[in-house]
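Student: In our numbering, the protein residues as written are 22 to 133.
These aren't lab readings, by the way, just hints derived from the structure by calculation.
Among the hints, a few may not be true.
[Said to hold, decoys possible] Under the rule of at most 35 Å between Cα atoms (straight-line distance), these lysine-lysine pairs were calculated in the DSBU-like manner:
(1) 104 x 87
(2) 87 x 60
(3) 119 x 105
(4) 119 x 80
(5) 105 x 87
(6) 71 x 105
(7) 80 x 60
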Amino acid sequence: MTDCIELSAQLGRAMAGSPQAVALRAAREALNSQPEVIKTLEEYQEQAEKVTRLEQEQKPVEVEDKHKLQELNNRLVGSEVFKKFTAAQVEYVDLMRKVNDVIRRELAETEK
């Protein structure tokens with residue numbers, strides 16, 4: 022078991038040092054240095070939660086709420102720093118998915 026723990030620690034270090042993780046950290050720092058983009062992102066998340074909650078409660082979603090959500094989305098996708106952050110996130114998540122797929126494939130024999 023100690024070998025498995027050590028190997029998982031090595032994997033964790035390798036993942037943390039991967040180009041995808043490095044790019045994600047840099048993109049996150051760039052995003053965090055833009056308070057107006059962070060504020061827009063927070064407003065977007067709040068508005069999206071409001072719309073989702075109304076839909077789940079089968080309550081009407083006002084046109085104003087939909088327009089506000091769209092306007093916030095447009096501001097985000099118009100931000101270069103947000104686009105870079107999102108692209109870095111996608112690359113990192115893709116790497117994580119590939120690693121998980123390999124682990125699952127290797128464990129498949131055990132789970133039969």
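Student: Against each hint, give a clear statement of whether it holds in the structure.
Tutor: Right, here's what the structure says about each hint:
1. With a C-alpha separation of about 22 Å, the suggested pairing of residue 104 with residue 87 holds against the 35 Å cut-off.
2. Distance restraint check for residue 87 and residue 60: the Cα-Cα separation of roughly 19 Å lies within the 35 Å cut-off, and the hinted pair is therefore satisfied.
3. Straight-line distance between C-alpha atoms of residue 119 and residue 105 comes to about 21 Å, which keeps the hinted pair within the 35 Å bound.
4. Between the alpha carbons of residue 119 and residue 80 the distance comes to roughly 40 Å, so the proposed pair goes past 35 Å and is violated.
5. With a C-alpha separation of about 26 Å, the suggested pair residue 105 and residue 87 falls inside the 35 Å cut-off, and the hint holds.
6. At roughly 27 Å between alpha-carbon atoms, residue 71 and residue 105 fall within 35 Å of each other, so this suggested pair holds.
7. Restraint check for residue 80 and residue 60: the C-alpha separation of about 27 Å stays at or below 35 Å, so the hint holds.
Checked against the numbered hints given earlier, the structure breaks only hint 4 and satisfies all the rest.
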